[in-house]
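**Student:** Next come the chains, spelled out residue by residue.
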Amino acid sequence: MVEYRIDRRSGVSTYVQIVQQTKQALRLGLLEPGDRLPTAREVVEATAINPNTVLKAYRELEREGLVEARRGLGTFVRRSLGTAPAAESPLRDELDAWAGRAREAGLDRDDMAALFTAVLEKHFQGDLT
Amino acid sequence: MTDTAGLAMEAADLGRRFGRARLSPAWALRGCAFQLPAGRVCAVVGHNGAGKSTLLALAAGLLVPTEGTIRVLGTDPASARARVGFVSQEKPLYPQLTIAETLRMGADLNPDHWDAATGERIVADGDLDPKSRIRALSGGQRTRVALALALAKRPDLLLLDEPMADLDPLARHELMGVLMSQAAQHGTTIVMSSHVVAELEGSCDHLLLIGAGRVRLSGEIDDVLTAHARLSGPAGTPLAPHTVIESRTTGRQLTALVRKSGPLPTDLHPATPSLEELVLGYLRNPGTSVTTTSPSEKAAA
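Protein chains in written order, with the working numbering: chain A, 1 to 129; chain U, 1 to 301.
Calculated from the structure, these hints are not laboratory results. Warning: the hint list may mix true and false statements.
What the hints assert, rightly or not - Partial list, derived from the structure: chain U residues whose beta carbon lies under 7 Å from chain A:
{"hint": "1", "residue": "V41"}
{"hint": "2", "residue": "L62"}
{"hint": "3", "residue": "M180"}
{"hint": "4", "residue": "G202"}
{"hint": "5", "residue": "S247"}
It should be emphasised that the depicted structure is a prediction, and the values quoted were computed from it without experimental measurement. Glycine residues also receive a C-beta, built at the ideal position from the N, C-alpha and C atoms.
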């Protein structure tokens, strides 16, 4: 069973946090097909968030085909997600080389983080906000 | 016409005046109109003296409108009283009774719909001895008993005036969780006022912002937030045709909170405001016009 941690100061909307944490649990294998997600009541009792927010997140996960609601029984995982690229993947190597070049060019840690975030935002503009 | 069957609360031209008319009549509320769909958790925010407590007392049927109407659960407040739970700021309880006697009184007064287990659990979660007298309790403990009484009544509409003010952070979080679970399980509509907007942000899905006795914003929080934008860019950038709620220029930098009309220029880095930013923006600028978002048709939980 997954337990959600809601960070109200993160600037990420609450339902997106639930969607992301569920996906993270799927990637890490903490949730597997057939597992039940906590009921809206269980989530809101622990987190004090609005029940409609939980239902909205579950609808989003359902729309993506990751979970299914079974009437009167709860919401169940349908399929797992591929694991994140492992330590030696080509994508990671490219990013590693980029970070090396950026550092040589005089960028510090914050500069690089800001640049990376800006590029991510450009690619995912309009998604999940 | 809007379907009025699914409304927990509806006000039309609602006004309430205190004091005698010829001696400086003081309108606590005037010309209020809004609709609150059933199943929502609604935040009522505004300055001190904005009229929040008056509105809740009108909905509870403890005050009568001077003009206009308020309807609660599809009927008038007096007829709805058995289905409404109200916890006022003062949390009136009988000081000479024990907690157990207080809960028993609640059971006697609400014979058809008393949920004794819920009431006892809320009291027990606060480590309160049912044999303690109300007079011996702290403000926060009294709040817990008042909430236990209101929730055990299993109301369809729960009106809470500053419910969390006396509570420590742990009890706030726990009791807010209890309220949300009540809403999830029974579809209870909850209306609560608070000064601490950040505390309401995750828990409420509907907003009623009151200023100077009038409704300044009302609607689903998601809709209200996305209808506004926080902008920042070079000073002097024109903001028309958007409605400016608040704007500030610091050196070469312009920051503004606007209500959108049409697409926004991307060079002003538009971002959706947080509920707190939005509410503070409105409260700091009482001159901006009344705006109401009509409730979107969303399935109740």
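**Student:** So which hints don't hold here, by number, going up?
**Tutor:** 2 and 5
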